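Asker: Since chain Y is already given, all that's left is putting chain Z on it; use the hints.
So the protein lines, in turn, are chains Y and Z. All residue numbers for the first sequence refer to numbering that gives the first Met the number 0, where the first residue is 0 and numbers rise by one. All residue numbers for the second sequence refer to numbering that gives the first Met the number 0, where the first residue is 0 and numbers rise by one.
Simulated from the structure, these hints should not be mistaken for lab results. Source: prediction; values computed, not measured. Don't take every hint at face value.
[Stated by the list, open to error] List of simulated lysine to aspartate or glutamate pairs, DMTMM-like, C-alpha gap at most 20 Å:
#1 Lys166/Y x Glu179/Y
#2 Lys101/Y x Glu111/Y
#3 Lys159/Z x Glu226/Z
#4 Lys166/Y x Asp109/Z
#5 Lys236/Z x Glu95/Y
#6 Lys147/Z x Glu111/Z
#7 Lys159/Z x Asp109/Z
#8 Lys167/Y x Asp75/Z
#9 Lys147/Z x Asp81/Z
[To be verified] What the simulated footprint calls covered on chain Z by chain Y, stretch by stretch (three residues with Cβ under 8 Å from a Cβ of chain Y suffice, anywhere in the stretch; the number is not a length):
#10 37-49
#11 55-63
#12 99-108
#13 221-233
Note that beta-carbon positions come from the ideal geometry of N, C-alpha and C, so glycine has one too.
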Amino acid sequence: MKRLVIAIAAAVLALAGCGGEAIVPEGQGAHGHGANSAAPPPPAASSRFNDADVTFVQMMVDHLQLGISLSQLAMAKATKQETKDLAGAINTTQREELSMLKSWLKLWGKPEQGGANLHVQHGGQPLLDDKVINDTKEKSGAEFDLAFLNLMTGHQGAAVEMALTEKKDGQNPETTAYAERVANTRQGQIQQMLKAISEP
Amino acid sequence: MKLTRKAALVMAAVPAIVFITPVGSASAHGYVSSPPSRQAQCASGVVKNCGGPEWEPQSNEGDKGRTDCWGGDRLDFQVLNDDSRGWQATNVGTSLTMTWTFTARHRTRDYEYFIGGTRVGYVNGNNAAPVDPVQHTINLSGFSGRQKLRAVWNIGDTVKAFYSCMDINIGGTGGNPTPPPTTTNPTPPPVGGTWAPNTAYATGATVTYGGSSYRCLQGHTSLTGWEPPNAASLWQKI
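So that you can see chain Y by itself, here it is in the shape it has in the complex (with noise of 0.2 Å):
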């Protein structure tokens, strides 16, 4: 009988598409085994999330990869031990973001891609993208640091754009929590930067 629920849930939600209020049967996740307890959850993220929630993480899952590939540029090329230390911190903890993360869009059960199309419809060409990334890996010297930080402090600028946003519109304490941290951890990161730049 809780298949019948699921089933009209599901169907309500294809119905409703972009802009719906999804609510998962709790303890269910996304494939409705609601027995199943043999996964240990990771950091999990209760169900109940509307569509501002799985905007944000999507578009964060999209984010996050790509602030990882410029970190792991800068861990290696960059000419001061403080960047340096700046983008191995941020490598790390953005991949622990980002395996959270891929864990709450499992159970929600919703796709991991899709989040650079919806940058592109949330304001324009984004800042970074593997060419762009290339690019940077071809500077050294000076001019990959002023490259660096720069690409790096408007990244996790529009980081801090998205968290604002998904306090404001999103439901899932999890992950508006989430976007608080996202708020405070990149503004204290363009900070670092920010002074790093102004002083050469």
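Answerer: Quick look at chain Z alone, frame taken from chain Y:
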């Protein structure tokens, strides 16, 4: 019947909120990061309690052709027009290089630089998207002392522009300001201290937080939001 009621609740909840979630307003944008513009000083904490620009230095947007430091679109950015906020003036020579930071790319009509009503610099954007790093060098011969330099990024595909004001001291000693004191000087790994934000922790440093002890896995300068329980990749519980 219970199931039907559940299902009905689900169905009822959906149409009620279908159109509430707004499509995110166009985000985007950019500002001068070096020498530090007013919004960069807000974002870096050099000037406190700015409000909007503290979080979104890139969003000082408004119609083209404005003649002040506020873009005009967002009330919480009006602070950038307030000359009494203790903006730090950067000592510069008569040749000044500026660096832009973008959060998203727009096709660019041009960049303009003004002191008062005088346009002191112009760079054609060729209606292309900027490619980092964007730096412009302008000649400030004929000006001296403390000045307010207004940088304008005129967007090619919207009616908007982004404004960045820099407080500069032309002919001031040296090319760079005295660095403000920072809290990020490397310090020996504190042992057993309480975790605090804006502190440099080396790999292997130990701290306490919320009654537990943690070891630093990756050297970094701590931040609000990177408390040990929130950043297991930086701090291992011991």
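Asker: If you test the structure against every hint from before, which numbers come out violated?
Answerer: 3, 4
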